[in-house]
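Asks: For what it's worth, my numbering labels the leading residue of the sequence shown as 30, then goes sequentially.
The hints are simulated quantities; they were obtained by calculation from the structure and are not laboratory data.
There may be inaccurate statements among the hints.
Here are the simulated lysine to any residue pairs, SDA-like style, with alpha carbons at most 20 Å apart [claimed, not checked]:
{"id": "1", "residue 1": "Lys535", "residue 2": "Tyr522"}
{"id": "2", "residue 1": "Lys483", "residue 2": "Arg524"}
{"id": "3", "residue 1": "Lys382", "residue 2": "Leu446"}
{"id": "4", "residue 1": "Lys366", "residue 2": "Gln339"}
{"id": "5", "residue 1": "Lys312", "residue 2": "Lys332"}
{"id": "6", "residue 1": "Lys442", "residue 2": "Leu145"}
{"id": "7", "residue 1": "Lys554", "residue 2": "Lys442"}
{"id": "8", "residue 1": "Lys466", "residue 2": "Leu446"}
{"id": "9", "residue 1": "Lys483", "residue 2": "Tyr502"}
{"id": "10", "residue 1": "Lys535", "residue 2": "Ile514"}
{"id": "11", "residue 1": "Lys156", "residue 2": "Glu186"}
{"id": "12", "residue 1": "Lys307", "residue 2": "Ile467"}
{"id": "13", "residue 1": "Lys120", "residue 2": "Leu145"}
{"id": "14", "residue 1": "Lys366", "residue 2": "Arg345"}
{"id": "15", "residue 1": "Lys466", "residue 2": "Asn508"}
{"id": "16", "residue 1": "Lys442", "residue 2": "Glu394"}
{"id": "17", "residue 1": "Lys426", "residue 2": "Asp462"}
{"id": "18", "residue 1": "Lys535", "residue 2": "Tyr502"}
{"id": "19", "residue 1": "Lys466", "residue 2": "Pro251"}
{"id": "20", "residue 1": "Lys535", "residue 2": "Glu496"}
{"id": "21", "residue 1": "Lys290", "residue 2": "Val58"}
{"id": "22", "residue 1": "Lys156", "residue 2": "Leu172"}
{"id": "23", "residue 1": "Lys535", "residue 2": "Asp551"}
{"id": "24", "residue 1": "Lys366", "residue 2": "Asp462"}
{"id": "25", "residue 1": "Lys396", "residue 2": "Tyr429"}
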Amino acid sequence: MENLQNNQILINGFLNSVNQRPGSIALDVNNCLYTYAEMHEASVNIANAIVKHQHSANNYTAILASNSLSAYTGILGALLIGKTYVPLNKKNPVLRTWDMLNRSGANTLVVGKECLEYFIELLPLLKSALTVVLPDTANTDDLQLKYPQHKFCFSNEQDLQKEEYSELTQNTNPIAYLLFTSGSTGIPKGVQVTNENVCAYLNYISDRFDFSATDKFSQTFPLAFDLSVHDMFLCWKVGACLCVPSEDASPALLSSFIKEKNITVWFSVPSLALLLMKMRLLKNNVFPSLRFSLFCGEALTEKVTFQWQQAALNSRILNLYGPTEATIAIACYEWKKSQELNFCINGIVPIGKVFNTQNFCIVDENKKQVNFGENGELLLSGTQISPGYLDDQENIKKQYMKLPGFGDNVWYKTGDLVREDEQNNLHFSGRIDSQVKIRGFRVELLEIDNAIRKIVNNDWVATVVEEHNDTLYSFICKNPSETEISESEILAYCRTVLPWYMIPGKLVFIEKMPLNNNGKIDRNKLKDLIKC
Numbered sequence: 030m031e032n033l034q035n036n037q038i039l040i041n042g043f044l045n046s047v048n049q050r051p052g053s054i055a056l057d058v059n060n061c062l063y064t065y066a067e068m069h070e071a072s073v074n075i076a077n078a079i080v081k082h083q084h085s086a087n088n089y090t091a092i093l094a095s096n097s098l099s100a101y102t103g104i105l106g107a108l109l110i111g112k113t114y115v116p117l118n119k120k121n122p123v124l125r126t127w128d129m130l131n132r133s134g135a136n137t138l139v140v141g142k143e144c145l146e147y148f149i150e151l152l153p154l155l156k157s158a159l160t161v162v163l164p165d166t167a168n169t170d171d172l173q174l175k176y177p178q179h180k181f182c183f184s185n186e187q188d189l190q191k192e193e194y195s196e197l198t199q200n201t202n203p204i205a206y207l208l209f210t211s212g213s214t215g216i217p218k219g220v221q222v223t224n225e226n227v228c229a230y231l232n233y234i235s236d237r238f239d240f241s242a243t244d245k246f247s248q249t250f251p252l253a254f255d256l257s258v259h260d261m262f263l264c265w266k267v268g269a270c271l272c273v274p275s276e277d278a279s280p281a282l283l284s285s286f287i288k289e290k291n292i293t294v295w296f297s298v299p300s301l302a303l304l305l306m307k308m309r310l311l312k313n314n315v316f317p318s319l320r321f322s323l324f325c326g327e328a329l330t331e332k333v334t335f336q337w338q339q340a341a342l343n344s345r346i347l348n349l350y351g352p353t354e355a356t357i358a359i360a361c362y363e364w365k366k367s368q369e370l371n372f373c374i375n376g377i378v379p380i381g382k383v384f385n386t387q388n389f390c391i392v393d394e395n396k397k398q399v400n401f402g403e404n405g406e407l408l409l410s411g412t413q414i415s416p417g418y419l420d421d422q423e424n425i426k427k428q429y430m431k432l433p434g435f436g437d438n439v440w441y442k443t444g445d446l447v448r449e450d451e452q453n454n455l456h457f458s459g460r461i462d463s464q465v466k467i468r469g470f471r472v473e474l475l476e477i478d479n480a481i482r483k484i485v486n487n488d489w490v491a492t493v494v495e496e497h498n499d500t501l502y503s504f505i506c507k508n509p510s511e512t513e514i515s516e517s518e519i520l521a522y523c524r525t526v527l528p529w530y531m532i533p534g535k536l537v538f539i540e541k542m543p544l545n546n547n548g549k550i551d552r553n554k555l556k557d558l559i560k561c
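Sequences are here, hints too, so could you generate the full structure?
Replies: Now the structure itself:
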C-alpha cells in the first residue's frame with residue numbers, strides 16, 4: 030500500500046500473531062477451537078479461491094456469513110489479497126442486501142453455510158457475474174446449472190497453494206472495509222474505512238490498555254456493525270482468543286457464556302447489559318474473570334454501569350464513543366469504582382476525552398467554537414476519520430468541512446451535541462437532527478418515514494423514538510382521498526425494505542400533523558402524544 034508502514038495495514042496484526050503464536054487458539058466458535066495456523070491456512074484457501082476464480086480484478090469482496098469459521102476466514106482471506114471486505118447481514122431484507130452488493134460493485138461473494146438459504150433467495154436478483162466462494166458447502170450441480178453466469182467455488186474444489194496470493198498483498202487497497210449505514214434518503218450510505226484509519230485506532234487502544242495474548246475476547250456484534258472490527262482485530266493483534274457465542278443467544282445464555290468461556294474482555298452495546306440487569310443476571314461478582322468491560326454504540330446509563338460493576342468486581346469499565354466515520358471509537362471514559370452516581374448528567378455516563386492522537390472541536394450552529402462548558406456540535410479530525418462515502422459526493426460535502434483557522438484539516442460533523450466539563454470530559458447531550466440509536470444501531474428516522482410514505486402514498490408521516498424502551502412510533506396522517514391501507518400491510522412492506530431494528534413498534538393514525546412555528550413537523554409534540 031502506498032506510503033503505509035507495516036503497522037498501518039490491518040492484516041499484519043493477525044499475520045504477526047500467526048508467526049509468533051501459530052499453535053495458540055485464535056477462535057472459539059460453534060464449540061470448535063482453531064489455532065492461528067489453522068485460521069491462516071483456511072484464510073489462504075479462500076484467498077486463493079478468489080484469485081483463481083474471480084471474473085475480473087475488483088477491490089471489493091462481500092461476506093455473507095456469521096458466527097462461523099467461514100465468516101472470519103472470509104474476511105481474513107479478502108484482506109490477504111488486498112481486497113476491501115463488505116460484510117452483509119442475513120437479517121436485512123433481501124432487496125436491501127442486493128442493493129448493497131450492487132452499489133459496492135463487489136464481484137466476489139463468500140457465503141457461509143449458515144446463510145445458504147438466504148443466499149438462494151438472493152441469487153435470482155444477482156444479474157451481474159459473481160464469483161461465489163462457499164468454504165463449507167460441498168459441490169451441488171444445481172446451482173451452477175441454474176445460474177451459469179456465476180462461478181461457484183465449493184469446499185471440495187479449494188486447494189491450498191500458499192504462494193498464489195503473496196504478490197497481491199503488496200498492493201493492498203487503501204480501503205479495509207465498507208459498511209453501509211442508515212441514510213436519510215432511504216438509500217444506505219457506504220462508509221469507507223481505510224487501513225490507516227483502523228490501524229490508528231488499534232495501535233492507540235492496544236498501547237493505552239494492557240490487553241494480552243492470555244485474554245479471551247467476546248464477539249457480540251454482527252459483522253456488519255463496525256464494533257465487530259475491534260473484537261476481531263484487537264484480539265488477533267495481541268495474539269488472544271476470540272470467543273463467539275451462538276447466534277441470537279439469549280441474555281441467560283450470554284451470562285453463561287461469559288462464565289463458561291472465562292471471558293476477560295467483554296464488549297457490547299449498553300442495551301445488552303440492560304437486558305441482563307432486567308433479568309436479574311448481574312448478581313454480585315458473577316463475572317470474576319472479566320478484566321475489561323467495554324460499552325459503545327448508544328448512551329450508557331449510570332444505573333447499568335453501577336450494576337455491571339457489582340457483577341464484575343475485577344473489571345475496568347470503559348465507555349467508548351465514536352461514529353462509524355471516526356472508526357470504531359474515538360473517545361473513552363473509564364468508570365471509577367468509587368465514583369459518585371451524581372457525577373453523570375441526566376443519568377448518562379460521560380463519553381470522556383477524545384484520544385490524544387486525534388482532534389476535536391465543539392461548534393455552534395454557525396460552526397464557530399463555543400465557549401467552554403457550552404453545548405455544541407462535536408466535530409472530529411485526524412487519522413481515524415474515514416475519507417467518506419462510496420460514490421456519494423453529496424453526503425461527503427454535507428458531512429465533511431474545513432474550519433477557519435485550522436488550515437487544511439478536514440472535520441467530520443458528527444451531528445452529536447456535547448459539552449465539556451471541568452475535568453475536560455465530554456458529555457453527550459443528544460442529536461441535532463433526526464438520527465438516533467436503537468439497540469446500538471444508527472437509525473435515520475427519515476429513512477423510516479420515507480419507506481412508509483411510499484406504501485401509504487402520503488407525505489404526512491413522522492417517526493419518533495420512545496427513548497425509555499427503544500420503541501419506534503410512526504405517526505401517519507389519515508388521508509380520506511386515498512384507499513385505506515391496514516397496519517399489517519404497512520408493516521409487511523417495511524419488513525421488505527428496512528432492517529429489523531428499523532421496523533416501527535407502533536403505527537399511530539392521526540387526523541392532523543402538529544407543526545412548529547417554522548412550519549416543520551413538531552416531533553416533540555408527537556412524543557407528548559405517546560405519553561398521553
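Asks: With reference to the structure, classify each hint as holding or not holding.
Replies: We went through each hint and held it up to the structure:
Under the criterion of a C-alpha separation no larger than 20 Å, the hint pairing Lys535 with Tyr522 is consistent with the structure, at around 14 Å. Only pairs whose Cα atoms come within 20 Å are accepted, and Lys483 paired with Arg524 is accepted, the gap being roughly 13 Å. Straight-line distance between C-alpha atoms of Lys382 and Leu446 comes to about 15 Å, which keeps the hinted pair within the 20 Å bound. The suggested pairing of Lys366 with Gln339 holds, with an alpha-carbon distance near 9 Å, which does not exceed 20 Å.
Pair hint Lys312 plus Lys332 holds up; C-alpha atoms about 14 Å apart against a cutoff of 20 Å. Distance check on the hinted pair: Lys442 and Leu145 sit about 39 Å apart at the alpha-carbon level, beyond 20 Å; violated. Distance restraint check for Lys554 and Lys442: the Cα-Cα separation of roughly 27 Å exceeds the 20 Å cut-off, and the hinted pair is therefore not satisfied. Distance check on the hinted pair: Lys466 and Leu446 sit about 14 Å apart at the alpha-carbon level, within 20 Å; holds.
A C-alpha spacing of about 17 Å is found between Lys483 and Tyr502, which places the hinted pair at or below 20 Å, so the restraint holds. Between Lys535 and Ile514 the alpha-carbon distance is near 15 Å, which keeps this suggested pair within the 20 Å criterion. Proposed proximity of Lys156 and Glu186 is contradicted: the alpha carbons are some 24 Å apart, above 20 Å. Pair hint Lys307 plus Ile467 holds up; C-alpha atoms about 18 Å apart against a cutoff of 20 Å.
Taking the CA atoms of Lys120 and Leu145, the gap is near 13 Å; set against the 20 Å cutoff, the hint holds. For the suggested pair Lys366 and Arg345, the alpha carbons sit about 8 Å apart, so the restraint of at most 20 Å is met. Between Lys466 and Asn508 the alpha-carbon distance is near 30 Å, which puts this suggested pair outside the 20 Å criterion. Distance check on the hinted pair: Lys442 and Glu394 sit about 11 Å apart at the alpha-carbon level, within 20 Å; holds.
With a C-alpha separation of about 17 Å, the suggested pair Lys426 and Asp462 falls inside the 20 Å cut-off, and the hint holds. Our distance criterion of 20 Å between C-alpha atoms is met by Lys535 and Tyr502, whose separation comes to about 5 Å. Taking the CA atoms of Lys466 and Pro251, the gap is near 16 Å; set against the 20 Å cutoff, the hint holds. For the suggested pair Lys535 and Glu496, the alpha carbons sit about 14 Å apart, so the restraint of at most 20 Å is met.
For the hint pairing Lys290 with Val58, the CA-to-CA distance comes to about 11 Å; that is within 20 Å, so the pair holds. With a C-alpha separation of about 14 Å, the suggested pair Lys156 and Leu172 falls inside the 20 Å cut-off, and the hint holds. Of the pairs offered as hints, the one joining Lys535 and Asp551 holds, with about 18 Å between alpha carbons and a cut-off of 20 Å not exceeded. Restraint check for Lys366 and Asp462: the C-alpha separation of about 35 Å exceeds 20 Å, so the hint is violated.
Proximity of Lys396 to Tyr429 is assessed by CA-CA distance (about 12 Å); at most 20 Å being required, the pair is judged to hold.
The structure shown violates the earlier hints numbered 6, 7, 11, 15 and 24.
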